[in-house]
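Q: Letter by letter, the chains look like this.
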Amino acid sequence: MRVAVVGAGIVGSLIARELARYEADVLLVEREPDVGWGITKANSGIVHAGFHDPPGTALARFCALGNALFEQLALELDFAFHRCGAWVLAFTPDERRVLDGLLNQGMENGVPGLTICPPDDVLSEQPYVTPDVAAGLWAPTVGITEPWAVALAAAENARENGADWHVGEAVTGIAVRTGRVQAVVTDRGRYAADVVVNAAGLWADRIAAMAGLSEPRLAPRRGEYILLDASARAFVRSVLFPTPNPHSKGILVVPTVDGGVLLGPTAEDVSLDAKRATETTAHGMAVVRAGATRLVPALARMPAIHAFAGLRPESSGRDFVVGPTPVRGFYQAAAMRSPGITAAPALARWLAESISAEFSLQPKSRFISARKGIPRTADLSAHEWDALIERDPHYGQIACPCNGVTEGEIMEAIRRGATTVDGVKFRTRAGFGRCQGGSCADRVLAILTRELCVSPEEVTLRGPGSALVADRVRP
Amino acid sequence: MAAATAAAHVGARTLLIEREEALGGVLDQCIHPGFGLHRYREDLTGPEFAHRLVGELAASGAEVWTGSTALELGPSRPVARVVGTAGLVRVRAQAVVWAAGAWERPVGALLIPGTRPAGVFTAGLAQRFVNIHGLIPGRRALVLGSGDIGLIMARRLYLEGIEVVGVLELRPFPGGLLRNVVQCLHDFGIQLRLSHTVSTLHGRDRLTGVTVVEVDEHGRPIVGSEEHIEVDTLILSVGLIPETRKIEPWVSLDPINGGADVDGWFRTRIPWLFSAGNAVAVFDLVDTVARVGERAGLAAARHARGDLPVGETVPLVREGNVGHLVPTSLVPGVATTLFVRARGPLPRARVEVGPGVVSRLHVGVRPAEMVEVDLSPEETTKLASLPEARVEVRPA
Chain A
0 MRVAVVGAGI VGSLIARELA RYEADVLLVE REPDVGWGIT KANSGIVHAG
50 FHDPPGTALA RFCALGNALF EQLALELDFA FHRCGAWVLA FTPDERRVLD
100 GLLNQGMENG VPGLTICPPD DVLSEQPYVT PDVAAGLWAP TVGITEPWAV
150 ALAAAENARE NGADWHVGEA VTGIAVRTGR VQAVVTDRGR YAADVVVNAA
200 GLWADRIAAM AGLSEPRLAP RRGEYILLDA SARAFVRSVL FPTPNPHSKG
250 ILVVPTVDGG VLLGPTAEDV SLDAKRATET TAHGMAVVRA GATRLVPALA
300 RMPAIHAFAG LRPESSGRDF VVGPTPVRGF YQAAAMRSPG ITAAPALARW
350 LAESISAEFS LQPKSRFISA RKGIPRTADL SAHEWDALIE RDPHYGQIAC
400 PCNGVTEGEI MEAIRRGATT VDGVKFRTRA GFGRCQGGSC ADRVLAILTR
450 ELCVSPEEVT LRGPGSALVA DRVRP
Chain B
0 MAAATAAAHV GARTLLIERE EALGGVLDQC IHPGFGLHRY REDLTGPEFA
50 HRLVGELAAS GAEVWTGSTA LELGPSRPVA RVVGTAGLVR VRAQAVVWAA
100 GAWERPVGAL LIPGTRPAGV FTAGLAQRFV NIHGLIPGRR ALVLGSGDIG
150 LIMARRLYLE GIEVVGVLEL RPFPGGLLRN VVQCLHDFGI QLRLSHTVST
200 LHGRDRLTGV TVVEVDEHGR PIVGSEEHIE VDTLILSVGL IPETRKIEPW
250 VSLDPINGGA DVDGWFRTRI PWLFSAGNAV AVFDLVDTVA RVGERAGLAA
300 ARHARGDLPV GETVPLVREG NVGHLVPTSL VPGVATTLFV RARGPLPRAR
350 VEVGPGVVSR LHVGVRPAEM VEVDLSPEET TKLASLPEAR VEVRPA
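For the record, the sequence lines run as chains A and B. When we follow numbering that gives the first Met the number 0, the leftmost residue of the first sequence carries the number 0, and every step to the right adds one. When we follow numbering that gives the first Met the number 0, the leftmost residue of the second sequence carries the number 0, and every step to the right adds one.
Chain A with its partners taken away, still in its complex shape:
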């Protein structure tokens, strides 16, 4: 029994991990040079509670289920997850009424703990929120995570349980004969497959079309973000949402798990084939700043350290396109718009169970459910860190001063599959801090050069064509 999962984002990686529980050969194929580099890399990183979505949708169902799975998943796979809660803030009587609607919707979706609080309560919990706030909906089950870290953790765990990853390899065709999936064809080879899971994010429409399917129809929606210096964290304790409009959840203020603050996203529909239109714009960044300042005025003064944009896969149905299709063996995990990250663990489990039922898969006798992350020395006790240094002195050498990342952590990231400067950054947070790599990029390049046995000109920021340096000073 051979399964190919197309797309190693958070959805595909978690599906690969769930399928690795069964006696099956699992192949995870990703066109980007690393795991989690599509939609998964550039979004709000929020584990939603489930009050934003209309009851009866797959969005609402998998969001509520997925949210409840995150604690256990974070323990098993060793990634950062904080249930910091969220406020939806209303500033006008109309917005106040919208909060009532969200509360009812959330209760119908089975979201626990929702309450609407008067301004005094909001301000005592979040003292830097705009003082003329009219009310706040408190959602204690909202959490924050690093979605790419979840994808990496799941992919590593899948690999430990026998799955294969092929990154930097694009699927170019799906072989279908007499209504059944036969194989996945890539720019590097052909892999026979009984089951193909389409978790290709923004490209899921193309993958589905390769199997002869007309769904999903995706429309990329760009979201621009601004990352603030960690000093802004003093002003933010929980996720802050404005009252949503019919188009989007609005510009949020999000504390990040590494101690920063993220503002955004905008919601701008770009052309249908603009699957890489992740440029930021002057207008978008002004909208982000204005939106965040409306919630927390003090943020207007806080310095930015980075701006980026991501695309999310909107679909005409405004719902996930998930499950079996008329092509036997071809499964969709597509159109995973917000709350796709939250939904991913529940969706992955459900999809793997449906596949196993359909194809009578046997559970593996020995599935290793726990994955240990790269040691994060900054979070270790003195005793644990000392022990690590004794084993490998590289863990005593700080390479990234902003986030206190050691050379040992970077070397371990490379051992686990990082081949680029960004690959190191997303695994270790080296270069994620306030200087954005200005202090450590040369050191990371030197370590990559040494550990991968390549020349410095071959080291890239994030894959082919993005070499960091051009040449040697002297031949």
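These are computed hints drawn from the structure, not numbers from a lab. Just so you know, not all the hints are guaranteed correct.
[Claimed, not checked] Derived DEER-like restraints, expressed as beta-carbon distance ranges:
1) B/Glu229 - A/Ala356: 56 to 62 Å
2) A/Asn103 - B/Gly223: 38 to 44 Å
3) A/Arg232 - B/Arg91: 47 to 53 Å
4) A/Glu450 - B/Val362: 52 to 58 Å
[Unchecked claim] Quick partial rundown of chain B residues pointing at chain A, CB under 8 Å, derived from the structure:
5) Leu87
6) Gly100
7) Glu103
8) Gly123
9) Val129
10) Pro376
None of these values were measured; they are calculated from a predicted model. Beta carbons are placed, not taken as given, at the ideal position from N, Cα and C, and that holds for glycine.
We have chain A already, so just place chain B on it with the hints.
A: What follows is chain B alone, placed relative to chain A:
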């Protein structure tokens, strides 16, 4: 190094903690000359200047730990947790000098619209690539920002055979020292374009070009002035920010300098914590940094032996046209050199501290060059008696 040497010289048992394997910090990558003209009356390169200081440090008897990073410091006591390849150590002291230098403002802080490709470097990072690692960042480069390090990197890249298409400066005047504008740009025919900036980055994987735009007197882009320039490398020299990471949660910082508030002894608001060098405010010359470091080291040693009482200090208030100002408060009765940076250039300027205590005429005041004002013990005492001690740079 200057602080540790000075402290050890007066008999304090002194430990210097350095993150890098080599001493010297940013000096080691500054292989150009221009260092030491004041301190040694010689024109030295950065590594040569550092080498002199290393020699002085070694002779002073101070203990040195390289490859060691201070993880936590204070706030209640002068205790630091230090990590190195030998493990974690807790260091107890009577006084601490924070002299961690500065870091470079990243491209992300500028919020330049467009893509996020490889090929965009802060000037210091590019300098490390070229001078420390022997690597060339690209083939055709534009420099954004005319701070000293941007000017020096324009010349450095030119000398390594990279086509340097120009240096852009947002303000209508250069950010770096006049001597660097002449020696790094004019002498090599590199164009300096004042009142220009980069408005968009292009290229998905590696930089392919930038949109350059002229700005008005408020720094706003002038519509219609956009111009596309093909480059694979953008070097940013858009500001150094004092390194305060381990002390900023509990030390009062000066919002304009970026570093800790310090008095005439370079003492912060925490009696046992002193700060010196670019960690206080970004200075122009390493000679000045070393001089300031010595004073801080000496004061820290005096505090350690109980010989530097904590008394009232006199906060200084900036008036118009004053940017960086070091120190930010005075100790009455203690001779102090004020370092004052004007925000805009003035052909003739009057620097006044008072009102009415000190008034000096300076010719050719430029933001790139701090003005030094020596205050005598009597003058600092007199300033302490005023309701408010103000520092002002105005046209004369």
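Q: Go ahead and decide if the range 47 to 53 Å is satisfied by the Cβ distance of arginine 232 of chain A to arginine 91 of chain B.
A: violated, 30 Å
Q: Given glycine 100 of chain B as an interface hint, is the shortest Cβ-Cβ distance to chain A below 8 Å?
A: Violated: closest Cβ of chain A sits about 10 Å from glycine 100 of chain B, beyond 8 Å.
Q: Quick check on the hint: glutamate 103 of chain B CB to chain A CB, less than 8 Å?
A: The hint holds - glutamate 103 of chain B has a Cβ within 8 Å of chain A, the shortest such distance being about 5 Å.
Q: CB of asparagine 103 of chain A to CB of glycine 223 of chain B, is that within 38 to 44 Å?
A: violated, 53 Å
Q: Regarding glutamate 450 of chain A and valine 362 of chain B, is the given constraint of 52 to 58 Å on their beta-carbon distance met?
A: Since glutamate 450 of chain A and valine 362 of chain B have Cβ atoms about 57 Å apart, the given range 52 to 58 Å holds.
Q: Go through the hint on glycine 123 of chain B and say holds or violated, using the shortest Cβ distance to chain A against 8 Å.
A: holds, 7 Å
Q: Between glutamate 229 of chain B and alanine 356 of chain A, does the C-beta distance stay in 56 to 62 Å?
A: holds, 57 Å
Q: Should the hint that leucine 87 of chain B touches chain A count as held when the rule is a Cβ pair under 8 Å?
A: holds, 5 Å
Q: Holds or violated: proline 376 of chain B as interface residue toward chain A, Cβ cutoff 8 Å?
A: violated, 38 Å
Q: Would the stated hint for valine 129 of chain B survive a check requiring a Cβ distance to chain A of less than 8 Å?
A: Since the shortest Cβ distance to chain A is 6 Å, the answer is holds.
Violation of the numbered hints given earlier is confined to hints 2, 3, 6 and 10; the remaining hints are satisfied by the structure.
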